[in-house]
Amino acid sequence: MAGSNPNAKPMDLTLKIWRQKDKNSAGQLVTYPLNGISPDMSFLEMLDVLNEELLVKGEEPVAFDHDCREGICGMCSLFINGRAHGPERGTTTCQLHMRHFNHGDTITIEPWRAAAFPVHKDLIVDRSAFDRIQQAGGYVSVNTGGVPDANEIPIPKTIADKAFDAATCIGCGACVAACKNASAMLFVSAKVSQLAMLPQGKVEAKTRVENMVAQMDVEGFGACSNTGACAAECPVGISLDNIAMMNREYLGAKASSENV
Amino acid sequence: MILDSKIPEGALAEKWDKHKFNVKLVNPANKRKYDIIVVGTGLAGASAAATLGELGYNVKAFCFQDSPRRAHSIAAQGGINAAKNYQNDGDSIFRLFYDTIKGGDYRAREANVYRLAQVSVDIIDQCVAQGVPFAREYGGLLANRSFGGAQVSRTFYARGQTGQQLLLGAYSALNRQVAYGKVKMYPRTEMLDLVMVDGKARGIVVRNLITGKIESHSAHAVVLATGGYGNVFFLSTNAMGSNATAAWRAHKKGALFANPCFTQIHPTCIPVSGDYQSKLTLMSESLRNDGRVWVPKTVELAQRLRKGEIRINDIKEEDRDYYLERKYPAFGNLVPRDVASRNAKLVCDEGRGVGASGLAVFLDFADAIKREGQPAIAAKYGNLFEMYAKITDENPYESPMRIYPAVHYTMGGLWVDYNLMTNIPGLYATGECNFSDHGANRLGASALMQGLADGYFVIPYTIGDYLAQTPYAKVSTDHPAFKEAEQNVKSITDRLLSIKGNRTVDDFHKALGQIMWDYCGMARNAEGLQFAKQEIRKLRDEFWQNVKVTGVNEELNQTLEKAHRVADFLELGELMVDDALNRNESCGGHFREEYQTPENEALRDDENYAYVAAWEYTGPGNQPILHKEELKFENVKLTQRSYK
Chain A
1 MAGSNPNAKP
11 MDLTLKIWRQ
21 KDKNSAGQLV
31 TYPLNGISPD
41 MSFLEMLDVL
51 NEELLVKGEE
61 PVAFDHDCRE
71 GICGMCSLFI
81 NGRAHGPERG
91 TTTCQLHMRH
101 FNHGDTITIE
111 PWRAAAFPVH
121 KDLIVDRSAF
131 DRIQQAGGYV
141 SVNTGGVPDA
151 NEIPIPKTIA
161 DKAFDAATCI
171 GCGACVAACK
181 NASAMLFVSA
191 KVSQLAMLPQ
201 GKVEAKTRVE
211 NMVAQMDVEG
221 FGACSNTGAC
231 AAECPVGISL
241 DNIAMMNREY
251 LGAKASSENV
Chain B
1 MILDSKIPEG
11 ALAEKWDKHK
21 FNVKLVNPAN
31 KRKYDIIVVG
41 TGLAGASAAA
51 TLGELGYNVK
61 AFCFQDSPRR
71 AHSIAAQGGI
81 NAAKNYQNDG
91 DSIFRLFYDT
101 IKGGDYRARE
111 ANVYRLAQVS
121 VDIIDQCVAQ
131 GVPFAREYGG
141 LLANRSFGGA
151 QVSRTFYARG
161 QTGQQLLLGA
171 YSALNRQVAY
181 GKVKMYPRTE
191 MLDLVMVDGK
201 ARGIVVRNLI
211 TGKIESHSAH
221 AVVLATGGYG
231 NVFFLSTNAM
241 GSNATAAWRA
251 HKKGALFANP
261 CFTQIHPTCI
271 PVSGDYQSKL
281 TLMSESLRND
291 GRVWVPKTVE
301 LAQRLRKGEI
311 RINDIKEEDR
321 DYYLERKYPA
331 FGNLVPRDVA
341 SRNAKLVCDE
351 GRGVGASGLA
361 VFLDFADAIK
371 REGQPAIAAK
381 YGNLFEMYAK
391 ITDENPYESP
401 MRIYPAVHYT
411 MGGLWVDYNL
421 MTNIPGLYAT
431 GECNFSDHGA
441 NRLGASALMQ
451 GLADGYFVIP
461 YTIGDYLAQT
471 PYAKVSTDHP
481 AFKEAEQNVK
491 SITDRLLSIK
501 GNRTVDDFHK
511 ALGQIMWDYC
521 GMARNAEGLQ
531 FAKQEIRKLR
541 DEFWQNVKVT
551 GVNEELNQTL
561 EKAHRVADFL
571 ELGELMVDDA
581 LNRNESCGGH
591 FREEYQTPEN
601 EALRDDENYA
611 YVAAWEYTGP
621 GNQPILHKEE
631 LKFENVKLTQ
641 RSYK
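Protein sequence lines, in the order shown, are assigned to chains A and B. Quick note on numbering: full-length UniProt numbering labels position 183 of the first sequence as 183, and the sequence is numbered without any gaps. Quick note on numbering: full-length UniProt numbering labels position 375 of the second sequence as 375, and the sequence is numbered without any gaps.
Calculated from the structure, these hints are not laboratory results. All of these numbers come straight from a predicted model, not from anything done at the bench.
Restricting the straight-line Cα-Cα distance to at most 30 Å, the calculated cross-link-like pairs of lysine-lysine (DSSO-like) are:
no.: 1; chain 1: B; residue 1: K307; chain 2: A; residue 2: K9
no.: 2; chain 1: B; residue 1: K390; chain 2: A; residue 2: K157
no.: 3; chain 1: A; residue 1: K162; chain 2: B; residue 2: K370
no.: 4; chain 1: A; residue 1: K21; chain 2: B; residue 2: K500
no.: 5; chain 1: A; residue 1: K16; chain 2: B; residue 2: K510
no.: 6; chain 1: B; residue 1: K500; chain 2: A; residue 2: K23
no.: 7; chain 1: A; residue 1: K23; chain 2: B; residue 2: K490
no.: 8; chain 1: B; residue 1: K548; chain 2: A; residue 2: K16
no.: 9; chain 1: A; residue 1: K9; chain 2: B; residue 2: K390
no.: 10; chain 1: B; residue 1: K184; chain 2: A; residue 2: K23
no.: 11; chain 1: B; residue 1: K390; chain 2: A; residue 2: K180
no.: 12; chain 1: A; residue 1: K57; chain 2: B; residue 2: K490
no.: 13; chain 1: B; residue 1: K483; chain 2: B; residue 2: K213
no.: 14; chain 1: B; residue 1: K184; chain 2: A; residue 2: K21
no.: 15; chain 1: A; residue 1: K57; chain 2: B; residue 2: K500
no.: 16; chain 1: B; residue 1: K500; chain 2: B; residue 2: K253
no.: 17; chain 1: B; residue 1: K213; chain 2: A; residue 2: K57
no.: 18; chain 1: A; residue 1: K21; chain 2: B; residue 2: K213
no.: 19; chain 1: B; residue 1: K213; chain 2: A; residue 2: K23
no.: 20; chain 1: B; residue 1: K538; chain 2: A; residue 2: K57
no.: 21; chain 1: B; residue 1: K252; chain 2: B; residue 2: K6
no.: 22; chain 1: B; residue 1: K252; chain 2: B; residue 2: K548
no.: 23; chain 1: B; residue 1: K510; chain 2: A; residue 2: K57
no.: 24; chain 1: B; residue 1: K510; chain 2: A; residue 2: K9
no.: 25; chain 1: A; residue 1: K202; chain 2: B; residue 2: K184
no.: 26; chain 1: B; residue 1: K182; chain 2: A; residue 2: K202
no.: 27; chain 1: A; residue 1: K206; chain 2: B; residue 2: K184
no.: 28; chain 1: A; residue 1: K21; chain 2: B; residue 2: K548
no.: 29; chain 1: A; residue 1: K162; chain 2: B; residue 2: K390
no.: 30; chain 1: A; residue 1: K206; chain 2: A; residue 2: K157
no.: 31; chain 1: B; residue 1: K490; chain 2: B; residue 2: K184
no.: 32; chain 1: A; residue 1: K21; chain 2: B; residue 2: K490
no.: 33; chain 1: B; residue 1: K500; chain 2: A; residue 2: K16
no.: 34; chain 1: B; residue 1: K213; chain 2: B; residue 2: K182
no.: 35; chain 1: B; residue 1: K370; chain 2: A; residue 2: K157
no.: 36; chain 1: A; residue 1: K206; chain 2: B; residue 2: K182
no.: 37; chain 1: B; residue 1: K548; chain 2: A; residue 2: K57
no.: 38; chain 1: B; residue 1: K510; chain 2: A; residue 2: K21
no.: 39; chain 1: B; residue 1: K548; chain 2: A; residue 2: K23
no.: 40; chain 1: B; residue 1: K390; chain 2: A; residue 2: K16
I would like the entire structure built from these sequences, with the hints used as guidance.
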């Protein structure tokens with residue numbers, strides 16, 4: 001079978017999982033032994049196996065967010081052994097496979113921890129703050145229809161590629177979870193720089209950066225202290241350069257602000 | 001019931017323009033008097049919600065995910081078609097129309113498909129204006145690549161993440177309207193019933209997935225943009241949460257379900273690795289631009305390879321069968337999806353499959369890497385190669401990928417007329433949720449095109465025509481119809497929670513998926529389908545006696561969410577089988593083994609089956625009623641589809 005290593009033996013694991021009834025309840029780590037896990041399983045398939053076992057025993061399964069399981073929707077989260085999306089760099093939890101763990105391991109699984117991401121239940125957090133930041137300015141103000149032909153706006157390939165790299169942010173929140181200050185700078189800067197680089201986005205660049213940063217502050221995200229933990233844990237490799245660019249954009253905007 | 005497709009009169013190329021002029025308009029000041037509900041925030045839903053908000057309507061948008069940005073359109077990889085002819089290679093609106101009709105094996109409506117090809121060019125302009133970073137050439141203009149079923153390069157793309165970039169564009173337009181207060185967004189909210197008043201769609205009943213609260217929302221029109229039903233098969237390339245519940249519950253309220261047996265099995269997916277498998281991952285069709293599909297020439301070689309007695313490189317060039325290039329020299333590896341999938345199945349059935357299970361074929365990039373160099377291949381497909389390596393622990397730059405077909409897309413869906421309205425007045429279906437544009441097989445890079453065409457450029461016109469004839473008066477959610485629908489949702493929920501059986505929801509879902517894959521998958525026959533129908537009924541009966549759903553309604557309860565969805569899949573699965581049994585021909589993704597040419601190609605029966613099969617729900621366990629919409633082909637000649 002694809003990828004299966006004939007020498008890989010099933011693993012027995014000890015899971016310590018954060019259980020929390022709802023937003024208003026206190027939570028705690030609960031220990032679950034889990035045996036016979038195939039190294040070819042994804043991390044979330046391992047949790048599926050646990051949940052089926054819990055259900056059969058009549059216990060409440062562990063609630064966790066997930067959807068596409070292809071590493072692109074940004075719905076899955078999980079703080080695994082103290083790292084956002086687990087030990088593999090450049091990998092979302094859904095693309096993390098059990099072959100990166102060993103027989104006998106104890107794995108601690110917690111939700112994202114940030115004041116701006118309150119826990120809904122178990123491992124599920126509320127990331128609606130991210131949507132509100134995008135609503136504050138993460139767009140180009142064009143209505144449908146009446147726009148110029150696509151090739152009337154030539155864009156140098158290098159710029160288009162850089163804008164694309166910033167635009168690949170999946171909005172999962174790992175940057176916030178990885179930051180000791182729970183700062184959302186990497187997330188916000190990815191959208192700010194994508195649009196600031198492109199001619200279509202330049203028209204509103206100033207107000208965009210001001211409004212998005214202001215909303216970020218309202219949501220209670222922490223300050224950036226340039227440790228780079230966010231970029232190191234980002235599953236899609238959003239670069240710290242975006243933060244530098246946003247800082248420049250922000251200073252420029254403030255220096256000539258019309259929002260006084 | 002007579003199905004009126006409401007196709008405008010006149011020449012094909014003039015229908016849409018004439019129709020746009022003839023539809024009634026709502027003046028700008030009156031638009032704010034109308035409320036519209038949009039369910040689903042993928043390409044079709046987000047684009048519709050944003051555009052309707054821009055026009056001035058009051059929009060409420062719903063999605064079950066935690067943010068509208070996560071809808072499964074985000075996972076589309078390869079690209080979006082548009083008849084721009086930027087490459088000067090002979091493309092035109094008519095050619096895109098023709099390729100799509102032929103690709104769909106002549107089971108789609110000409111007028112809808114022509115309109116789709118027409119507005120395709122506007123979509124690209126719109127997305128670029130929003131800041132969608134499409135791939136570009138060094139001169140700064142947009143790049144294109146080719147896709148299956150076409151001999152021109154008309155596919156626009158953003159590396160292997162085109163769906164993500166288009167969806168984030170639509171999401172940004174949606175956010176702008178949320179900020180203006182024209183769209184109210186309801187994430188983590190699932191539609192569980194449609195509400196009708198005086199025979200018209202006037203609202204929905206939803207469950208708040210955080211609190212479990214059952215709530216009603218009233219509007220003048222309801223748009224379902226809730227995607228396809230591929231997860232009936234349990235294993236598919238769909239997201240885990242993708243489901244048919246909104247569409248199915250609308251069907252149970254009277255909306256006809258069209259061509260449910262038309263499902264697309266995508267040829268290039270990562271094969272199943274074990275029984276814990278929760279979903280299948282697609283490797284974009286764009287890979288077939290450079291990857292060559294092959295299996296060993298003989299069963300004996302394949303066996304030795306599977307047993308590990310020989311390695312891939314031990315198989316000499318002349319012992320490799322590049323079967324697509326051999327059988328279809330004109331299109332080669334870029335034959336349409338249904339043809340590529342069926343041929344993969346054929347060679348595996350012959351015993352020439354690879355991988356431990358024998359259910360895989362090779363997709364080999366060695367020649368392309370030799371020709372263009374690894375950096376050039378990485379620039380085109382880097383993220384796909386990485387994804388493959390992560391999942392399989394194998395390096396596709398060094399050894400060929402192993403791929404196998406998997407359920408990917410559903411061409412069938414709610415029946416709609418030319419205005420994208422179902423047979424229920426005021427209820428619309430857009431994107432994959434409807435049946436209208438892809439016939440029996442969808443071409444690659446056409447799903448994104450259709451989702452955005454419907455949302456940005458079709459429904460904003462057609463819904464106005466309906467609303468202009470609808471009084472401003474709102475229906476209160478205290479109306480008995482809302483109370484009745486709420487009660488219906490509550491009673492289904494209570495029933496699911498009270499069974500307290502011994503078998504999990506996932507277990508039922510997997511069992512259903514296995515039946516569907518075995519008997520209503522890549523190849524079907526009457527005997528198997530009849531067997532499947534009985535098996536599904538048995539499974540459904542057991543579900544309602546023995547399913548185990550823990551917890552209560554008044555909480556975040558993912559097991560309960562799944563139970564609602566699987567309950568509906570268990571009904572929809574039977575309808576798919578009924579439809580496959582009824583259609584005594586092979587066409588596109590629907591391959592009935594009894595109907596094939598001597599070369600194993602699909603054998604259509606245009607005389608008897610050139611119609612849309614639209615099914616009417618008639619109550620639990622009852623046989624549905626078939627309504628036929630005859631398909632008229634005035635601009636293309638029906639021929640046997642050939643890619644040789």
